[in-house]
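Chains as they are written, first to last, in the working numbering: chain U, 1 to 347; chain D, 1001 to 1227.
It is worth saying that the hints were derived from the structure and are not from the lab. Errors might be hidden in some of the hints.
As the list claims (entries may be wrong) - Taking lysine-lysine and the DSBU-like style, the derived pairs with C-alpha atoms no more than 30 Å apart in a straight line are:
(1) Lys-292(U) x Lys-1111(D)
(2) Lys-194(U) x Lys-126(U)
(3) Lys-292(U) x Lys-126(U)
(4) Lys-325(U) x Lys-235(U)
(5) Lys-176(U) x Lys-1111(D)
(6) Lys-126(U) x Lys-176(U)
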Amino acid sequence: MATAAAHRTAATSAYGAQDTADTAAYERAFDAAVAADERIEPRDWMPDAYRATLVRQIAQHAHSEIIGMQPEANWITRAPSLRRKAILMAKVQDEAGHGLYLYSAAETLGTGRDELLDKLHSGRQKYSSIFNYPTLTWADVGAIGWLVDGAAITNQVPLCRCSYGPYARAMVRVCKEESFHQRQGYELLLALSKGTPEQHAMAQDAVNRWWWPSLMMFGPPDDESQHSAQSMAWKIKRHSNDELRQRFVDICVPQAESLGLTLPDPDLRWNEERGHHDFGAIDWTEFWEVLKGNGPCNEQRITQRRRAHDEGAWVREAAAAYAAKRSGATGPGGTATGPGGTEGAQA
Amino acid sequence: MGDDALVLSHRLGEWAGHAPVLEEEVALANIALDLLGQARVLLSMAGDEDELAYLREERAFRNLQLVEQPGGDFAHTIARQLYFSTYQHLLYADLAAGDGPFAPLAAKAVKEVAYHRDHAEQWTLRLGDGTDVSHERMRLACAELWRFTGEMFQPVEGLDADWAGMEQAWLESIGAVLGRATLSVPEGPRTGAWSAGAGRQGLHTESFGRMLAEMQHLHRSHPGASW
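Work out the full structure, taking the sequences as your base and the hints as a guide.
Given below as structure tokens:
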């Protein structure tokens, strides 16, 4: 606790005092706070590189939520029952909400949503490579829920203990909803797997196509992951890519069995000595290609996102113009906007 | 009523991933979900919800032509929402006050619809009284959908409501909102020889068949399957 107090004091007195002795003191206080598992908060001093890493990671996470709406929204109008349609709509809505939490978390680091969206639209910031794969059948909606959300949760649960407070708190909320989605995806696949032969085949085909891309969601192998060591030292990250990937495989194997579906990996088997499943080699060429923008849907996803943004520009401008008129008008007509009017631009 | 909610919910679902701001992704999906919830209750009162949604042909749907109108731009979506949610709010308030079979559903749904109506009104104000571009788009959208609004007040068989009173209240409310939005009430008839009561009789506009084709194709491709 003493370290946190020292850290806060250092941070509050930091304004205006920029000499190197002070900076060294702040750095020591920051390192001590991180070492003591204390949370760094927006007004605390933090190293520039820590701030930059967090902005990059949180923004990429937020972008993934909103690009990730597309492959699933692709099936909203074709969902085969009203119950499934309601579940899917609610899920896509949650993703937009997660995007909002995460942009807010990023904003506490001194950036803005508009700036981040601009970086997404111009390709300067990335989103998860998984969303560059197409949803070709209804079963893909289930495979995304089970595997993609499952991998996301495996990645994100440790982030609930991340050293940066706003991000950690956003993750607590996000993970609760994600695990709900994951169960729904599993349940969707189970219904298909136990359904007609055609439905079972549809489920198996979807799992075959989504399995490897889901394993790639954990990022490159540890020896090729450029940000890992520093992120772990800062306690932004708690486990290595390969550790999390192994954990995910170990979770999925029994789930696949109870689904009555197979995982498309002939090398997948239990290793008694390691106490883990061994699994086959990931096609890293494909991973890097998708990351570079050459995946099946990269072009389409970013084009749709840009188009939605560009075509919505007149709406955002209208909201801003209206809000400006209201804030200027303080006369007797000021209440004419009614309840909610002062909330102004939703943009 | 169930078909109105089902079809409008579907149209709103088409916005997912396309909205002008993230907050509207959330809001439009939220409204779509409320409507889908209402549709499921109402269709279940009439039979099996999925059979009714997925296995009826175009001519058997009884929704208003207004709600099946394709999205168009954001102004069209807002104008459609303004017209419909104002109507739906009046209808549910009326039904909730009675003791008919729809009173319990209406009592719950009227709260959701009050939110939908507020959302549509707030956006009508922003677009109407925003920029010149948004004003013109909102004016156009309100005018283009105007001819579908008369159908809402054709008495529906089996629904005991004060249709004439609702129509009067609707006109007053819409007039007031459009006025505050610096827009005028569209001119021209609110019903045509063709549109008056047409959707309620299973006579729809051309885009509706394509909407159903998309909505129903997967369900129909696997007869008897459960999902």
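Hints versus structure:
Between Lys-292(U) and Lys-1111(D), the direct Cα distance comes to roughly 48 Å. Violation of the 30 Å bound is thereby established for this hinted pair. Using a Cα cut-off of 30 Å, the hinted pair Lys-194(U) and Lys-126(U) is violated, with the two alpha carbons roughly 38 Å apart. Between the alpha carbons of Lys-292(U) and Lys-126(U) the distance comes to roughly 10 Å, so the proposed pair stays at or under 30 Å and holds. For the hint pairing Lys-325(U) with Lys-235(U), the CA-to-CA distance comes to about 46 Å; that exceeds 30 Å, so the pair is violated.
Between Lys-176(U) and Lys-1111(D) the alpha-carbon distance is near 27 Å, which keeps this suggested pair within the 30 Å criterion. Note on Lys-126(U) and Lys-176(U): the hinted pairing holds, with a Cα-Cα distance of about 24 Å set against a maximum of 30 Å.
In summary, the numbered hints that this structure violates are 1, 2, 4.
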